[in-house]
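Peer 1: Sequence lines, in order, name chains A and R.
Just add 12 to the spot in the first sequence (first one is 1) and you have my numbering.
Just add 12 to the spot in the second sequence (first one is 1) and you have my numbering.
There may be inaccurate statements among the hints.
No distinction is drawn between identical chains; accordingly, a pair holds when it is met within one copy or between any pair of copies.
[Said to hold, decoys possible] Straight-line Cα separation of at most 25 Å, SDA-like style, residue types lysine to any residue; simulated pairs:
no.: 1; residue 1: Lys362; residue 2: Gln335
no.: 2; residue 1: Lys33; residue 2: Lys57
no.: 3; residue 1: Lys112; residue 2: Thr19
no.: 4; residue 1: Lys54; residue 2: Arg95
no.: 5; residue 1: Lys75; residue 2: Lys104
no.: 6; residue 1: Lys37; residue 2: Leu98
no.: 7; residue 1: Lys75; residue 2: Leu42
no.: 8; residue 1: Lys54; residue 2: Ala83
Source of the hints: derived by calculation from the structure; they are not laboratory data.
There are 2 protein chains.
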Amino acid sequence: MEKNKATFEKDIIPLRNTIDKIDSKILSLLAQRHAQVEKVVKLKKEHHIPVYHPAREEDLISKLRIQAGKANLDPDFMEDLYRVILRQSRVKQTDQMAHKGVRPGARILIIGGAGEMGRFFTTLFQKSEYDVTILTRQDWNNAKQLCIGIDLVIVSVPIEKTEDIIEQIAPFLESNTILADLTSIKQKPLKKMIECHKGPVIGLHPLFGGTSTSLDKQIIVVTPGRNSQSCQWIVEQFTLWGAIVVEATAKEHDHIMELVQALRHFATFGFGQFLHEKEARIERTLEFSSPIYRLELGMVGRLFAQDASLYSEIIFATKERRQLLRDYIESLNTHLEMLEKNDKQLFIEKFNHISQWFGPFSEQAMRESTFLINKLIERF
Amino acid sequence: MEKNKATFEKDIIPLRNTIDKIDSKILSLLAQRHAQVEKVVKLKKEHHIPVYHPAREEDLISKLRIQAGKANLDPDFMEDLYRVILRQSRVKQTDQMAHKGVRPGARILIIGGAGEMGRFFTTLFQKSEYDVTILTRQDWNNAKQLCIGIDLVIVSVPIEKTEDIIEQIAPFLESNTILADLTSIKQKPLKKMIECHKGPVIGLHPLFGGTSTSLDKQIIVVTPGRNSQSCQWIVEQFTLWGAIVVEATAKEHDHIMELVQALRHFATFGFGQFLHEKEARIERTLEFSSPIYRLELGMVGRLFAQDASLYSEIIFATKERRQLLRDYIESLNTHLEMLEKNDKQLFIEKFNHISQWFGPFSEQAMRESTFLINKLIERF
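For reference, chain A alone in the conformation it holds in the complex (with noise of 0.2 Å):
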């Protein structure tokens, strides 16, 4: 046996030297394209050109599909690969365009400029040659003063001071500023700034965490309050950064983020709780985790990761909200008597009832996450 092992060794070697020169070939390949996309990004720049190219890529991902097949390689797998360099290439252009202003050199007051929020933005405008100016808690005595000449006003403040800053900051604009905030509530802050400000008015949501590194696909919803013509130049600049820019009047984002955040962020809340209370085990039931489990327990764990302040704020943000999680947890007090009684029968009823409802969605979900866990089991 120890014989077999060292013949083993010695005619694996060669191998894996041929395979770590492949590697340095497909790396070195790897730069050169690199080299070249930054080509055509300087090219996009000269040529007012946005990153994202959809039809193009989908293209490059068919044609090397086909080629894929033609040479004894698992297109999807060809796919997931050519995924992850399209996506490197567009974070790529998306930074390097984010140089380019729609308005380079306007004014741009950011109130908590010092939050995680405001640093993002602040960033991101800088980079693309705005001139931003940034309001703390040490600069109110000076607030009138920052504010002469200023194009946009952001607020990015603690969603419980948003209505306060605004009350604050109005006074002192001009009539033509616009006043935005980015607080994750829409109809009180926007309801104020359209009382306070009599100029334009924009209400911004932008879904993901100051930590992020990049606008690349990243979502902000924009509720419109005032002459949205004038802000319109706002909302060309999020998209020329890569952001996905959604519509939606105040009421419709209030409504809909009852459920995306304050319901699930408590479902979430609630979970953890319970294995606290029963204090499982984490890293023992992980040993027995499906991918699938493993992720779940992951979103637990991530809230949980983060600061407390930040979901109390969502959680409580308004009357309906802590309405709506009262709901939740009525509702889940309905399925008491099922469990009691052990009616199965009761279960698979409601069961294929909500399938129903959830139709055509259930499918994709299907789809996705299992993408997802194929990325798991890949990774960890």
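We have chain A; now place chain R onto it with these hints.
Peer 2: Chain R only, in chain A's frame:
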């Protein structure tokens, strides 16, 4: 502007052609790599060496990260890319190694072999040159006959039928036949197998669906019953197929599965039911969704894309499970007052307490889920 666009098109074509040529070269190198990997597999087969070689993989990744840095490529990008390539290579290898049987020619009887999981294992064992017989509902008249000279009987029937089937088949078994089941609970079936059969007994719980295409990194829990030595070859076979085998007592297994399966699935069910109750507009909410919400909603949709009775069996499997789920609902009820009273402070206290309890897992969860979120953005 039109002229400008024409110039752009003229200038970009040669760049795109160069990129296409580079891509073709990369593809051809990947095909060469693939051919080398096949030689490695052949060698491993000859020398009975397992496919997965974590040290070699990590070493390769480390080297490539360093090379990437030198070539002005992002090391994380390079690692992402090679995780895809290495997984593909591993799946290919596992696929081919699967032909390798630890005990080729051994006779296996799979009860319920026409079901999804039964078919999955039938295919795997057959590829590895085992002699597999299937016993379906129609074959019970021949059951005694079919059990003659069988080395391993695997009971792969729905959870609620498992104990009955064990009782029915056990009298026909020879004393050296191994009796195994694949049920997702283990205490009761294992007890029943030990009672009814005098020979070797082993409980198995594959933590994946029968629609999986490979055992690569899939988890199988093994709960020893009687005469583990005789059952060892089964564990070895699973490992050779690329699975990760986790050993536990039936009691520990069931306790952990209460959380990992029953609780998690029930919580997801309850969430879906509430979305339905509130008539949430799924499609529209997705437009407003950060990748993480998309992922979480995907988990809900995924559940409802599957078979109701499968989940009812998991959720209602035992009295203990039903009690746990009632405890879960009761635990949520304790938050009602906090919501009514708008008690943010209490929420923050609870939150921080749970965060501490999660400890380092939160940080790991954050890292893993961030990776997946990026994958999700990349793809969809």
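Peer 1: The structure should be examined with respect to each hint, and the outcome stated for every one.
Peer 2: Evaluation of the provided hints:
In this homomeric assembly, Lys362 and Gln335 come within 25 Å of each other (Cα to Cα) both inside a single copy, at 24 Å, and across copies, at 20 Å. With identical chains, the CA atoms of Lys33 and Lys57 are at most 25 Å apart between copies only, with a shortest distance of 24 Å across copies and 36 Å within one. With identical chains, the CA atoms of Lys112 and Thr19 are at most 25 Å apart between copies only, with a shortest distance of 20 Å across copies and 60 Å within one. Proximity of Lys54 and Arg95 under a CA criterion of 25 Å is satisfied intra-copy only: 22 Å inside one chain copy versus 31 Å between copies.
Taking the shortest alpha-carbon separations for Lys75 and Lys104, both the intra-copy value of 23 Å and the inter-copy value of 23 Å come in at or below 25 Å. Taking the shortest Cα distances, Lys37 and Leu98 sit within 25 Å of each other both inside one copy (19 Å) and across copies (16 Å). Taking identical chains as interchangeable, the C-alpha atoms of Lys75 and Leu42 lie at most 25 Å apart whether they share a chain (18 Å) or sit on different chains (16 Å). With identical chains, the CA atoms of Lys54 and Ala83 are at most 25 Å apart between copies only, with a shortest distance of 20 Å across copies and 33 Å within one.
When the structure is compared with the earlier hints, no violation turns up for any of them.
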